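> So the chains spell out like this:
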Amino acid sequence: MRFLCLAAAITAIIAPTAASAQRIIAAPAEIELRLKAAGMDAVEQTDGAGDPALAASWNDENFIVFFYGCSGHRDCRSIQFHYVGADGTPFDADAANTWNSIVMFGRASLDKSGRPTLDMDVDLDGEGAPPSLFADEIDKWKMLLDGFISANAKAAAEQRAGS
Amino acid sequence: MRFLPTGIIAVLLVAGPAQAAPVTASLGVVKAAMADAGFTVTEDTTPDGYHELQSVMGNDKFWVSLQACSDNGTGCDAVEFEAAFKGDNAITAARINQWNAENRYGTAYIDEDGDAHIKMETDLAPAGMPADLFRHQLRIWGTLILSFENFLNRR
Numbered sequence: 001m002r003f004l005c006l007a008a009a010i011t012a013i014i015a016p017t018a019a020s021a022q023r024i025i026a027a028p029a030e031i032e033l034r035l036k037a038a039g040m041d042a043v044e045q046t047d048g049a050g051d052p053a054l055a056a057s058w059n060d061e062n063f064i065v066f067f068y069g070c071s072g073h074r075d076c077r078s079i080q081f082h083y084v085g086a087d088g089t090p091f092d093a094d095a096a097n098t099w100n101s102i103v104m105f106g107r108a109s110l111d112k113s114g115r116p117t118l119d120m121d122v123d124l125d126g127e128g129a130p131p132s133l134f135a136d137e138i139d140k141w142k143m144l145l146d147g148f149i150s151a152n153a154k155a156a157a158e159q160r161a162g163s
Numbered sequence: 164m165r166f167l168p169t170g171i172i173a174v175l176l177v178a179g180p181a182q183a184a185p186v187t188a189s190l191g192v193v194k195a196a197m198a199d200a201g202f203t204v205t206e207d208t209t210p211d212g213y214h215e216l217q218s219v220m221g222n223d224k225f226w227v228s229l230q231a232c233s234d235n236g237t238g239c240d241a242v243e244f245e246a247a248f249k250g251d252n253a254i255t256a257a258r259i260n261q262w263n264a265e266n267r268y269g270t271a272y273i274d275e276d277g278d279a280h281i282k283m284e285t286d287l288a289p290a291g292m293p294a295d296l297f298r299h300q301l302r303i304w305g306t307l308i309l310s311f312e313n314f315l316n317r318r
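First to last, the protein sequences are chains A and B. Every letter in the first sequence is one number past the one before it in my numbering, and letter 87, counting from 1, is 87. In my numbering, each number is its position in the second sequence, counted from 1, plus 163.
Excised from the complex, chain A in its bound form (with noise of 0.2 Å):
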């Protein structure tokens, strides 16, 4: 009898960690698996660090999902989507500042070559987030995409309509 109450109490503090283990952590194939699930294209590669990274698609557009805070190229504690547009388009230093003085989560800026970038970083430190903020990132960051492809498509056109 003593051993089934001893047994009982194990697993009373064994479960919580078994809950906490079910939170999302900066993994690549976890990652991988959770932006199938909401309807992307991922695929597992390596970026030029040598850290995991993930070439990713929603909407037919390509994006990057990077890895940081990594030890020995893995248990990183943070992802960034990462996605670059064409050059060429009017989206320039002012857009860029426009765009970022009213848009959430999203951050907006021109890379090296001038080509619109908007990074979206979330911070899978320690234990991780909970599945279901995880699911609201991704959630944030598909809204974030559509809406600065959007944004720059329009401004291309306009910019075209008036030269």
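Treat the hints with care, since some could be wrong.
[Said to hold, decoys possible] Each pair of labels, with its calculated beta carbon distance range: (1) B/Thr205 / A/Lys154: 41 to 47 Å; (2) A/Asp87 / B/Arg317: 27 to 33 Å; (3) A/Asp41 / B/Asn316: 42 to 48 Å; (4) B/Asn313 / A/Lys112: 19 to 25 Å.
These are computed hints drawn from the structure, not numbers from a lab. All figures in this text were calculated on a predicted structure; none of them were measured in a lab. Note that CB positions come from ideal geometry on N, CA and C, so glycine has one too.
Once you've looked at the hints, dock chain B against the given chain A.
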């Protein structure tokens, strides 16, 4: 019948951190989480009547506001940390772009008065963020605000 030694049982019973409640997009909950992390936090009301939190990091004041709320101001899904630095119209969009292209988590912009802002949004939907992860977000914010101020001073 063999039993575990009493010492190991004691370790099992006390092992592991307490499961703190998740941080949700409520000013009271966020204030408590920030205070727990060592921030001095006060509540304030904006001229538009919105409630927000104010705090400091070093000599830099910043505010925390609830975001993505329903029409009646409840059911918010995120918080936004933000600090502003007087720019005297000397900060260019190109310089702010340099920050945004080279840094993570925070987003910088110049407002219509030429002041430079640094902000960071933290998603707390749908059921909040674990307390340990929110505490890490606060550490990120603290580093961001000081780093951005240094960046502005290095013109």
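> All hints are to be evaluated individually against the structure, with a verdict given for each.
Here's how the hints hold up against the structure:
| no. | hint | result |
| --- | --- | --- |
| 1 | B/Thr205 / A/Lys154: 41 to 47 Å | holds (42 Å) |
| 2 | A/Asp87 / B/Arg317: 27 to 33 Å | holds (28 Å) |
| 3 | A/Asp41 / B/Asn316: 42 to 48 Å | holds (44 Å) |
| 4 | B/Asn313 / A/Lys112: 19 to 25 Å | holds (22 Å) |
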